[in-house]
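Chains P and V are the protein sequences, given in the same order.
Mapping to numbering that gives the first Met the number 0: the first sequence position 537 is 536, numbers consecutive.
Mapping to numbering that gives the first Met the number 0: the second sequence position 224 is 223, numbers consecutive.
No lab work stands behind these hints: they were computed from the structure.
From the three backbone atoms N, C-alpha and C, an ideal C-beta is built for every residue, glycine too.
Be a bit skeptical, because a hint or two may be false.
As the list claims (entries may be wrong) - Heads up, simulated BS3-like pairs for lysine-lysine below, C-alpha to C-alpha not over 30 Å straight-line:
1. P:K314 x V:K2
2. V:K111 x P:K314
3. V:K111 x V:K326
4. V:K216 x V:K31
5. V:K31 x V:K136
6. V:K2 x P:K264
7. P:K660 x P:K798
8. P:K264 x P:K294
9. V:K111 x V:K2
10. V:K31 x V:K294
11. P:K294 x V:K326
12. P:K379 x P:K294
13. P:K582 x P:K595
14. V:K111 x P:K294
15. P:K543 x P:K582
Claimed, not checked - Partner residues are not named here, just some residues of chain V that face chain P (Cβ under 7 Å, in silico):
16. I45
17. D98
18. E411
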Amino acid sequence: MSRAVSLTGLLARAGFDEADRDAELFRSSFLAQVYDECDVAGQAALTGALGRAADPDRGLLALVRLGEADGVDGAFLRRIFAADGPERERVIAVLGASQALGDWLVSHPEDVAIVASARYRDIGVGAAGEQVRRLMLEAVSADPAADVPVASVSASEGALDEMRRTYRRILLAVATEDLTADDPETLLPAVSATLAHLASAALEAALALGRAEMADHAREVRLAVLGMGKTGGKELNYISDVDVIYVAEPAEGADESDALRSGSKLAAAMARMCSMPSREPALWEVDAALRPEGKNGPLVRTLESHLTYYERWAKTWEFQALLKARHVAGDASLSAAYLAATRPLVWDAVARDNFVEDAQAMRRRVEAHVPIAEAERQIKLGRGGLRDVEFTVQLLQLVHGRVDETIRSANTLEALAALSAAGYVGRDHAAELASCYRFLRVLEHRVQLGRLRRTHLMPSSSDELRRLARAARIPVDGNDGLESRWRATRRNVRRLHEELFYRPLLPATARLSADDVSLTADAASARLRAIGYRDPDGATRHIKALTEGVSRRAAIQRQLLPVMLGWFAEGSDPDGALLAFRKLSDTLGSTYWYLKLLRDSGAAADRLAHLLSASTYVADNLAQLTDAIAWLDEDEDLTPRSPGVLATHMDAMLVRRHDPKSAAAAIRYLRRRELTRGAIRDVLESVPVTTCREVIAPAADMALHGALRVAMSEANTARGLQAAPSAFLVVAMGRLGGEEIGYASDADVMFVHDPDPGADPQLANEWALEVAGSIASLLGTMSSEPQLQVDAALRPEGKQGPMVRTLDSYAEYYQRWALGWERQALLRARPACGDEGLAERFTALIDPHRYPDRGVEAAELRELRRIKARVESERLPRGVPATHHLKLGRGGLSDVEWTAQLLQLQHAGQHQDLRVTGTRETLLAARDAGLLAGADADRLIEAWELATRLRNAIVLATGRTRGQRVDVLPEERQALSSVSRLLGYEPGHAVDLEQDWLRAARRARTVMERVFYG
Amino acid sequence: MDKQQEYVLRAIEERDVRFIRLWFTDVLGVLKSVAIAPAELEGAFIEGIGFDGSSIEGLSRVSESDLILRPDPSTFQILPWRGGKHGTARMFCDILTPDGESSPADPRNVLKRALAEAADAGFTFYTHPEIEFYLFKALENETDPLIPIDNAGYFDHVARGQGHDFRRAAITLLESMGISVEFSHHETGPGQNEIDLRYADALSTADNIMTFRSVVKEVSIEQGFTASFMPKPLAGQPGSGMHTHLSLFEGDTNAFYEPGGEYQLSTTGRAFIAGLLHHAAEITAVTNQFVNSYKRLWGGQEAPSYRCWGHNNRSALVRVPMYKPNKGQSARVEYRGLDAAANPYLAFAVMLRAGLKGVQEGYQMPEEAEDNVWELSDTERRALGIDPLPGSLNEAVAVMERSELVAETLGEQVFTHFLANKRQEWTDYRAQVTPYELARIGLI
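For reference, chain V alone in the conformation it holds in the complex:
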């Protein structure tokens, strides 16, 4: 048994943990959980825990639904909100086939494969997400209207604000689980908050995002709110994105940093950006996976709807943030397309592979976009060579379907399943009659 597993077993003994939740995600990024007793854990480390994958989104295959969960001891955490005398802990799991091979349908494995690809090229991939979400008054049932808990704006300090308490409680829990929080503040929309996680390697970050969503849900229930990561819950108000800062390291050196370059950006950094932009449309179905995602992307409010990059341009899809000249280690690029409802494992994987493709093929970065691209006319944008992102889930799926890059990254099984699932979502959505339609044409 290795050190980490020993540590886990010891911690469980010492902290009197009575339940261990084994976490994994389905293809859409929904967290799944199985609870086991501590006595079963040794066995789980060695043999894994068998389960029937056929009822889990994206894991099912006709004749091979038996799958195995193997907990990753490095992700062991006590779940603080379960509190009480007898603790509960969780670990993320890898999903294996009965032969002990990694399951091609495991999103965590998809990201691991992409990271391995980067490692072969000598890179490690770090991410730092800014997660936005709304807090609403508690919903009794699904049809209740969404009422934000306050009416404040960007960075507003709300006196005796409930959001304040909320963020403090959530951050305390996160920190107690070893997830470092960089930053938190009130966002532009009413009831909208942002919490930034400290940068970490992409796999840990993705695990952290999954944990983060659970923590926020737990705290909101405790405090009597409803929290939502829905990309665009309120028409006319800003959507919730998950702007993510990306960087590649070669050993201890930041590969994006070059002291003399424009914005101190290295050739690798520039090619990485070029890759992101070049493949942005193909990966959009993954980074923005719901019908609702496109209402954020195309709802104005500085949403990154166009494939361009800028330095201090808050409408660009890719932004090169300012950082102090002597802080080469913090050189990074910010991808602003991603939303908070994406499956972080798959999203990080496709973003990484898109950028890496740019590096491997030596893509050239287009001109910087200095204008607010929202204010340009279509013709101006065309003249500048700035293409839009897909306008709907339907368009995004159509572009992704033709993408070798996404197919390679996700693996054939996940790729096929994801497309089928999204086509179905679009079909279901199209069958809806919305209040908008009723209001507008219902009286004709």
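Isolated chain P, as found in the complex:
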């Protein structure tokens, strides 16, 4: 009894979770005998050794089953387990780490000897490919020395099973060595190379079996099997699809079409030998999907046919795949010819037209193609996964391999070392990436070994993670040690991508450490071009200027620039962005906060790169208002300021300024600041329509408010007045009145004044005229600050009428003369700033005119329609298609706004809710009042909002605020593409934007014609 207790105790101490059950197992098996014969120290050593298995409980269970298996050499097993030596160690390591290999041993107990010695007929990790091939071919009784080996025993007579057994045994030997290695990460390259040799040899044997089944052994065809992907790169894992491409040629004297037919059959037979069900388990799937035309293409092609395909039709990713091609089975000389002919194509791929776009699309695929459910646990796919490492290395190879033959290895680790040796990537970074890669691969191997399933998922339970860490012999702390190291590795891979790719673009003088490299001019140029810079020489100059020198600024730029270069390249204009960044940095020089912000806030740097690359308008404005860069780190700084806050800022600034020039500069500076704030948010948030109301209109109101204040004070001073002789009001009209102006709009206004009782009317009038005139000139004259053109053309009598009128004069005029279009213009009149009492009186004055009780009379309606029709035919500029003009074209802003305004003229007298100045608000009110069908309102609003956003986006993209093109949907592709990216369309979907606009406008026009023209 006491012994049983102590056994359980020993087991528990050794790390068994289910010590009670395990003690039972222990005692009921051959182990009991071994255990009993040991002395106390030996017993502890035995349980200790078992406890060192990755999973002691499962390992013990497998061992017990093995001890009871049919045909097991019990004496041998007992002898191994009695001795505290490497043999015991190996068996325990395999059983504890792989259930599948344990099962194999139970069904093939004789193979325990392989595990014990870690060699199978002298084959193990590091075995030569030739040796493995010989063994596999012998398994199917084929002659390894023959030109075309053919199995002399057929698959169904047992050769297939013998081949698969041999395969498993070699795999077993490799796995044993791998699982008992002190440092699996160091051994990894040799392990995966051996696995690749094993796969090649298996294909060779399968081919021999396939030939044996075909008439005349398919002698009419020479078939070469090229390994692609990991097989090609000699970096295979334990179990995954084996990627291949077939090349077939007629044997001497054979007919080509016969040969191709037999070649297809032979290839299919070979694949079947690897994957079809039989007594022994299948190896893996042979996947030929990388062949020309993919799954739709013929399975085999002649060399010539391959070449014509690659020369004419292949996409960039196909060359990237070809980089890995290697002869694995079949006709070696045909493979050699294939490789010799395709190599030049691979290494010239970088010069192809669409290389940049293709490479970016491939990168997106690498990052995106992860099933959502697995995204969190993927070792292979997604950002920072194995595929990401491979992609980074291959892209660098494609970019520089054209001129440098030393970096063309198909093997990821060898290629990385070569890139580092040849000076294309920093030595430290390369070594670090290699270490990440080996770590991830070892994890992947251990996960696969468990059940010999093709999986690339990290386990999620902490038990499984612990077992995985033990199987991989990774020393980690605590339960989430492995998890956190894994996550850190993924992050590192991402960071290293930037370091490897962009850091070497910095000049030699900008090296951070002796291990960094700096590319030669040609190599830098090739790399910049490959990532999307259109003018690599210019870019090189900017990079040099930014990073050279001993200043603190240069030092920080050296840290920062590599990653910024990558971000610029993701936007629509990398060159423009880099130039703008250089200008910014020149302006800001060594300003302390700027560099610190970019260095410490990843979000701010990322946003800055995005803004500079997406929007010329923002880039220009940031250069003028560098403080705005500080906002990028703080969302609060990017939210629009309320009109109240703006007015306070304005007043505070004006109190300190007494001369009108500096006051005007201050006013315009404040407006520019707010426009910049709005523009930044626009670019970051796909140009929301609300910017007009929340930012652009309030900024104009604020500017008018400031200008009015300065103008009044000036006019008073000029006349020696203590106080204003008249109340003054600025009324916003047009789109400003509706709070829907864009970045490029003028400010439409009317000026009203109302002389104080007792003031000299003549004096008051002169005073008011001067105030109005100086408001326009304060905001509209040329200066370094952006202008706001103040336009009073909507006043009574238009340009013929006086600039300012008294309230009484307005009353009289409207009473007598108000024309249809003037009433219509008044609909959007909104007091913007000035005397509040006057604002109320003026509103009361115009309301009866713009919201007439009786609606619109027939004659007036006819006149409105006629004017609109004439405007349509006359105002549209020449050479612009009516479908593309956002303001005056079919279904454009003007169509929607006139419709809304007509509804107001007709119904606002009866419906209070229609008494608003905004177009969208008017339409919604008309809908709610039952005056406009819901669907019609939606269509009008959709077109109007899109047109409004497009106009803003065009300014943002081009930086132009003047000229005809501001109002026209660009037809030039590059411009259309920038605008579409700003509006949130995916790259390459500019045409969708055009279709969306044309559709929205057409629909709006249909509604407008019905509602407006009747």
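Starting from the structure of chain P, add chain V where the hints point.
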């Protein structure tokens, strides 16, 4: 290079072809052609051939008139009538923008998009057109009267008939170009003939119709006639239609067929018919695109003027033809509105999308019309819920203008252009003073 392109290059070598005609159509369905030398063909496959689209109907855009033709090698054919020692061949082309995207204004692309839409729903679309046309004695100039070459009627065998020879010659040419002919006979009108093309996928059929028109024109010139696909060339005689049999397949299965259903028609088939009928007025401007088309539609003579369907009703717009019970694969519906002057690419596209819409939205098919709808009074037709098709090009354009379905199908550019072109046609037509008017009121 793919197999088909290799085949084309080889065929050109072997057959000693000296000219290759690149064919494409404008928005109205007029065939356009550019000839290139064989040496340029490889380049055309890879890069395409640039051309200025601004002078071609519907292809022009103000600032982007440079377009690219890329030949579709699967349409390669030797043109037999060019004969002689050195052959001429033709291929249909796709029209691309300079960026290599499909041009939105290419009618072939419009049909391809509609077919892709059907493919997304799991369907392939097959069509089988019955093309009618008149043969007249050769015209010296446009103002000559049209004199039919014979006075025979439906299925008449005309002894030593020239039409007979004509059909034989045309069919021989068509067959030699790989276009299978199902059927040919004399039609009801004097000098009127019908040739039916074997059913094929809609894109091939549309290409075949374009070829067919050229072949008929060529043969008629050779034989000293004038052939016309005008929808209604002779007042008082039947017009030339292009009744088209439509079917959808899901893989190898005919989706219209259901052994137990009424007329062995499946739910899909019924919904497809419902879609055709429901949207018939919207698509009429495309299926019947000329002023003259409406003289056929409203000229009596069994023309399908009303939106209804029937089984053995020769006045219905949509007919469900008889077929042998065990021939499920040939289940189909016949749309009788289409005329021979339509742009087949656009017409097939709108018919397909109209039917598909019915399938996608599960439209219910109206009652079968068993009477000859021409004989009913307006009030009776209204009571039965049978609406007329548009009465003129003007009406048809007005209905199409409001159609989201047609706009989606044609794409915004083609849609806008087509409407503008048709409005102009109507304006020009209205300005005419016809012999009819002169005869009737000229003497007042």
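Tested hints:
1. P:K314 x V:K2: holds, 18 Å
2. V:K111 x P:K314: holds, 23 Å
3. V:K111 x V:K326: holds, 29 Å
4. V:K216 x V:K31: Between K216 (chain V) and K31 (chain V) the Cα gap is close to 15 Å, so the pair holds against 30 Å.
5. V:K31 x V:K136: holds, 26 Å
6. V:K2 x P:K264: holds, 20 Å
7. P:K660 x P:K798: holds, 27 Å
8. P:K264 x P:K294: holds, 16 Å
9. V:K111 x V:K2: It holds: about 22 Å lies between the C-alpha atoms, which stays within 30 Å.
10. V:K31 x V:K294: Distance of about 27 Å is within 30 Å: holds.
11. P:K294 x V:K326: Measuring from Cα to Cα gives roughly 34 Å; hence the hint is violated.
12. P:K379 x P:K294: Answer holds: K379 (chain P) to K294 (chain P) is near 23 Å, not above 30 Å.
13. P:K582 x P:K595: It holds: about 18 Å lies between the C-alpha atoms, which stays within 30 Å.
14. V:K111 x P:K294: holds, 22 Å
15. P:K543 x P:K582: Distance of about 13 Å is within 30 Å: holds.
16. I45: Check passed: Cβ of I45 (chain V) comes within 6 Å of chain P, closer than 7 Å.
17. D98: It holds, given that the least Cβ distance between D98 (chain V) and chain P is near 6 Å, below 7 Å.
18. E411: Since the shortest Cβ distance to chain P is 3 Å, the answer is holds.
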